[in-house]
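A.B. asks: Construct the complete structure from the given sequences, taking the supplied hints into account.
Protein chains in written order, with my numbering: chain A, 1 to 249; chain B, 1001 to 1249.
Some hints could be false.
Using C-beta positions, here's what the derived DEER-type ranges look like [to be verified]: (1) Tyr130(A) with Glu1229(B): 27 to 35 Å; (2) Arg1226(B) with Asp207(A): 37 to 45 Å; (3) Gly34(A) with Val1063(B): 49 to 57 Å; (4) Pro175(A) with Gly1186(B): 52 to 60 Å.
These are calculated hints, taken from the structure and not from any lab test. Where a beta carbon is used, it is the ideal one built from N, C-alpha and C, also for glycine.
There are 2 protein chains.
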Amino acid sequence: MSAPFGQRLAAAVAARESNIVLGLDPDPMRLWPGALAAAGDGPPEQRVARTVLAHCHLVIDAVAPAVVAVKPQVACFERLGAQGRTVLGAVCDHARERGLLVIADAKRGDIDVSARAYAEAFLGRTATPYGPIEGLGADALTANAYMGADTVEALLAVARPEGRGLFVLVRTSNPGAADLEDLPTGPDGVPVWARAAELVAGLGGADSLSDVGAVVGATAPEHVSRLRELMPRTPFLLPGVGAQGGRVE
Amino acid sequence: MSAPFGQRLAAAVAARESNIVLGLDPDPMRLWPGALAAAGDGPPEQRVARTVLAHCHLVIDAVAPAVVAVKPQVACFERLGAQGRTVLGAVCDHARERGLLVIADAKRGDIDVSARAYAEAFLGRTATPYGPIEGLGADALTANAYMGADTVEALLAVARPEGRGLFVLVRTSNPGAADLEDLPTGPDGVPVWARAAELVAGLGGADSLSDVGAVVGATAPEHVSRLRELMPRTPFLLPGVGAQGGRVE
Chain A
1 MSAPFGQRLA AAVAARESNI VLGLDPDPMR LWPGALAAAG DGPPEQRVAR
51 TVLAHCHLVI DAVAPAVVAV KPQVACFERL GAQGRTVLGA VCDHARERGL
101 LVIADAKRGD IDVSARAYAE AFLGRTATPY GPIEGLGADA LTANAYMGAD
151 TVEALLAVAR PEGRGLFVLV RTSNPGAADL EDLPTGPDGV PVWARAAELV
201 AGLGGADSLS DVGAVVGATA PEHVSRLREL MPRTPFLLPG VGAQGGRVE
Chain B
1001 MSAPFGQRLA AAVAARESNI VLGLDPDPMR LWPGALAAAG DGPPEQRVAR
1051 TVLAHCHLVI DAVAPAVVAV KPQVACFERL GAQGRTVLGA VCDHARERGL
1101 LVIADAKRGD IDVSARAYAE AFLGRTATPY GPIEGLGADA LTANAYMGAD
1151 TVEALLAVAR PEGRGLFVLV RTSNPGAADL EDLPTGPDGV PVWARAAELV
1201 AGLGGADSLS DVGAVVGATA PEHVSRLREL MPRTPFLLPG VGAQGGRVE
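C.D. replies: Pasting the structure below:
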């Protein structure tokens, strides 16, 4: 059994003297010019796969000394077709070789067996009659708790024994956050995002830094202090600090 | 430009005289025995990929005459590793050859560019310097609207011109639905799920059957009539009717 994710995260932040997370959101039309030489020949899928991989390696190599983790946006790899998962796996391997944690930004959420399958895909492994299929090996996965605590617990049932963690969406920074996240609930008008924060706090382990983190939009700073009150032991993932950047607090 | 998804769905339901959706949630440890002969040799990933594909083909062939669509649970394919997307693509191709619509059950939700990337992956295609990478070609995608209408609109911006649709989570049937979905909001105590329903209804196109559907837990029948009032032109996807089954109403 691995050390709990909260401990691993705290140790990594201390060792690297950084709480910065490098976002990786590769757009095939906007890669670093140095990556394009890797295209080679073959069908478009293979050429794109090579350039996206080269781009991510270049970015990681350039930034690794200053950061504690990478956060690949899984959507950007899924759209690469059959090659996408292979490229994502290679990017994660490269980040690990540079001593970085990997936060798979997939925002998954589903009921029991489906949530378990996602956790196996990203954080664990899948049992088969022919032996286990290893998952992506990410250190943490972003998750969506709209469907409730049991759906997050199903992810956590796989993650926690592996020393892996979650970052659950609480209050995001897009304009649409007003539609559901900000709705006032109950007699006191507590917003939905504060209820989500309570849910996150309730799922944390016994460590001083929880293995269930929160995604908190950095462009809503007035909420951050309130969120810290609600989630005193929860690591915060703040996307949007800088271009494709983020930070763990 | 393809016909709108609502029209395509209505036509398919009429032509096939069925509103039943076949759920595909393959577990490598619980496949139909007839699929295991396809395992062949090689590393576990390849053997599992072959058996999962054979299983899904067998299930589709057995049930196709009675259903209008298949709903592959994407988590079950993601956990197959690098082979997962290839297997999922082949399953979707097979369903289409049997005349079925494909609803990718991925419950995606993310901000603007990331949502767009998911829509490209499942419903559209991705521009690259070497030519477009075709997506999965699903007819519809399930989505999570916790982050608000703009995140669903970003999916729809890709889906609608392609004649593809969405099914947005509104009220699910798991116990955890009480945690956030059921919270009473505002002075009238309107539950969050009803706000989500209004959001869904507001995104629908001009057709008599909208291209933005709703996922409604079939085990909460007391909610269905209220949801129909809130979303008069919205197709409902009701998971949980029968084992791995569902229905479009």
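A.B. asks: Name the hints, by number, that the structure is in violation of.
C.D. replies: 1, 4
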